[in-house]
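Asker: Respectively, the protein sequence lines represent chains H and U. For the first sequence, numbering that gives the first Met the number 0 gives the first residue as 0, with consecutive numbering after it. For the second sequence, numbering that gives the first Met the number 0 gives the first residue as 0, with consecutive numbering after it.
In case anyone wonders, no lab produced these hints; they're calculated from the structure. One should not assume that every hint holds.
[To be verified] 35 Å max Cα-Cα, derived DSBU-like pairs, lysine-lysine:
#1 K136/H / K32/H
#2 K136/H / K196/U
#3 K186/U / K210/H
#4 K31/H / K136/H
#5 K196/U / K215/U
#6 K214/H / K125/H
#7 K155/U / K32/H
#8 K125/H / K196/U
#9 K210/H / K196/U
#10 K155/U / K215/U
#11 K214/H / K136/H
#12 K210/H / K215/U
#13 K31/H / K214/H
#14 K196/U / K214/H
#15 K215/U / K31/H
#16 K73/U / K244/U
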Amino acid sequence: MHIPDGYLGPGTCGFFYLVMLPIWTFASRIVKKTLKARQVPMLAIGAAFSFVIMMFNVPIPGGSTGHAVGAVLVAILLGPWAACIAVTVALVIQALLFGDGGITVLGANCFNMAFIMPFAGYYIYKMISYNAPVTSKRRVIASGVAGYLGLNLAALFTGIEFGLQPLLHHTAGGQALYSPYGLSVAVPAMVVEHLLLFGWVEALVTALVIKYLQKHSPELLEERQVNNEAHF
Amino acid sequence: MGALSFLKDSVFAEEYAAGGGFLQSLDPRVKAITFLLFIIQVLFARSIPALFFLYGLCLFLALVSRINLGFFLKRTWVFIPLFALFIAIPALFSTFSPGEGLATWDILGTKLTITRQGLAAAVTFIMRVAASVSFAVLLTITTRHIELLKVLRIFKIPQVFVMTLGMCYRYIYLFVSMIEDTYRAIKSRVGVLVHYKSGQNIVAWNIAFLWSRSLKLNEEVYRAMLSRGYEGEARVLDEFKTQVKDWLWLFSVAALYLIILWMT
Chain H
0 MHIPDGYLGP GTCGFFYLVM LPIWTFASRI VKKTLKARQV PMLAIGAAFS
50 FVIMMFNVPI PGGSTGHAVG AVLVAILLGP WAACIAVTVA LVIQALLFGD
100 GGITVLGANC FNMAFIMPFA GYYIYKMISY NAPVTSKRRV IASGVAGYLG
150 LNLAALFTGI EFGLQPLLHH TAGGQALYSP YGLSVAVPAM VVEHLLLFGW
200 VEALVTALVI KYLQKHSPEL LEERQVNNEA HF
Chain U
0 MGALSFLKDS VFAEEYAAGG GFLQSLDPRV KAITFLLFII QVLFARSIPA
50 LFFLYGLCLF LALVSRINLG FFLKRTWVFI PLFALFIAIP ALFSTFSPGE
100 GLATWDILGT KLTITRQGLA AAVTFIMRVA ASVSFAVLLT ITTRHIELLK
150 VLRIFKIPQV FVMTLGMCYR YIYLFVSMIE DTYRAIKSRV GVLVHYKSGQ
200 NIVAWNIAFL WSRSLKLNEE VYRAMLSRGY EGEARVLDEF KTQVKDWLWL
250 FSVAALYLII LWMT
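So here's chain H without its partners, still in its complex pose:
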């Protein structure tokens, strides 16, 4: 899911930085307005939490492993705006210190994983779990569906970004300069693997974590750590 440097052309990279700038500004304003003083470390803790979730190898049938992105889980726990900042910070650290993802493509990665995924997932979760008690099974199902759809939407956008590269950036002779495959190859390649495999890993992790929190610490699902009153 992390797009590395070199896959997207300069126009696409610049476009996504331009798209993300107002989102980051708005997110930091909302979080600053709603964040209580004693919750200041929560953003950093949320960012570290979303970073570490991506490091867990989840066993899957056949002896292999996959990993979850966790952006929907963080959005359910912190609210979508705070999740946007937390996942952005995690992606910046991954790109700067770990060499995972890239610097020029940071805007695009943040658009897919810190905006599309947490926001889509959060509102799907809210919609399905509407009025359900904190410990109800509907919330577990809602979180699983939100994780699955959130990740697949992010994968779809990533596929479209890859697939547009040969159309946007090529030489006079038609040679691709960045990601070499068009929409007809890039979109199915990204979407099918996430629909069939990684989406289920995301759904499983999100639903199981919510289930464990319902059982052992239901108060964590009732009280939001970063106020969510400003959601809309």
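Based on these hints, arrange chain U on the given structure of chain H.
Answerer: For chain U alone, coordinates are given in the frame of chain H:
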């Protein structure tokens, strides 16, 4: 949890950043700006020789910064450029890149033709990814991580982001240690061979437990911040110093940038 051990070893190993090579002696602010220029140059480069030149320059900078070349190549080629190499293979053939044929094979009645356009697209793609990743990794391993995060202030990134980044970096280290301890405890009690369903439950339980502990940590950290004089705004010490050598380096990289731009 191999990924966690790898993360701990690679992210927190700063032996090269503490070394006495050329890049380590530069002001981190100037180094970050010049490396950003290099990465942008790689992004805009349209010719294969320009990409090879930039990649060669990166290897030369690694050498004069006393980085072990074997370590550097392993760190930069595994995993991203190797993956790029793998996904670029189909682009070599006429199915994806129609054009002038270079070599043709007949496999079970199907003609596979490598085209000049396909080969150029694949080499451009792989070299661009390899050069970008190499510059990013070289910056990372020759700069102390806390300094690298502080440098973000020169790009006018709001203090709340810089403070969050710095704190997040420390928490990652703490969380990695916590998870490692938990896994060691599980391993010592149930062994390593567990059914995949039990494995999934262990992962989910670990994440939920980590979140629960994180919230408790938040309260403790806030109290620690208050006891150190936190009043709502973070203050950061600025210990960066620019020398003549830094200005010369900045000027040279900017000149090189313009020369390559003019030549290509």
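Asker: Next, verify each hint and record whether it holds.
Answerer: Hints, one by one, checked against the model:
no., hint, result
1, K136/H / K32/H, "holds (33 Å)"
2, K136/H / K196/U, "holds (19 Å)"
3, K186/U / K210/H, "holds (24 Å)"
4, K31/H / K136/H, "holds (33 Å)"
5, K196/U / K215/U, "holds (29 Å)"
6, K214/H / K125/H, "holds (20 Å)"
7, K155/U / K32/H, "holds (21 Å)"
8, K125/H / K196/U, "holds (28 Å)"
9, K210/H / K196/U, "holds (15 Å)"
10, K155/U / K215/U, "holds (32 Å)"
11, K214/H / K136/H, "holds (11 Å)"
12, K210/H / K215/U, "holds (20 Å)"
13, K31/H / K214/H, "holds (32 Å)"
14, K196/U / K214/H, "holds (19 Å)"
15, K215/U / K31/H, "holds (21 Å)"
16, K73/U / K244/U, "holds (30 Å)"
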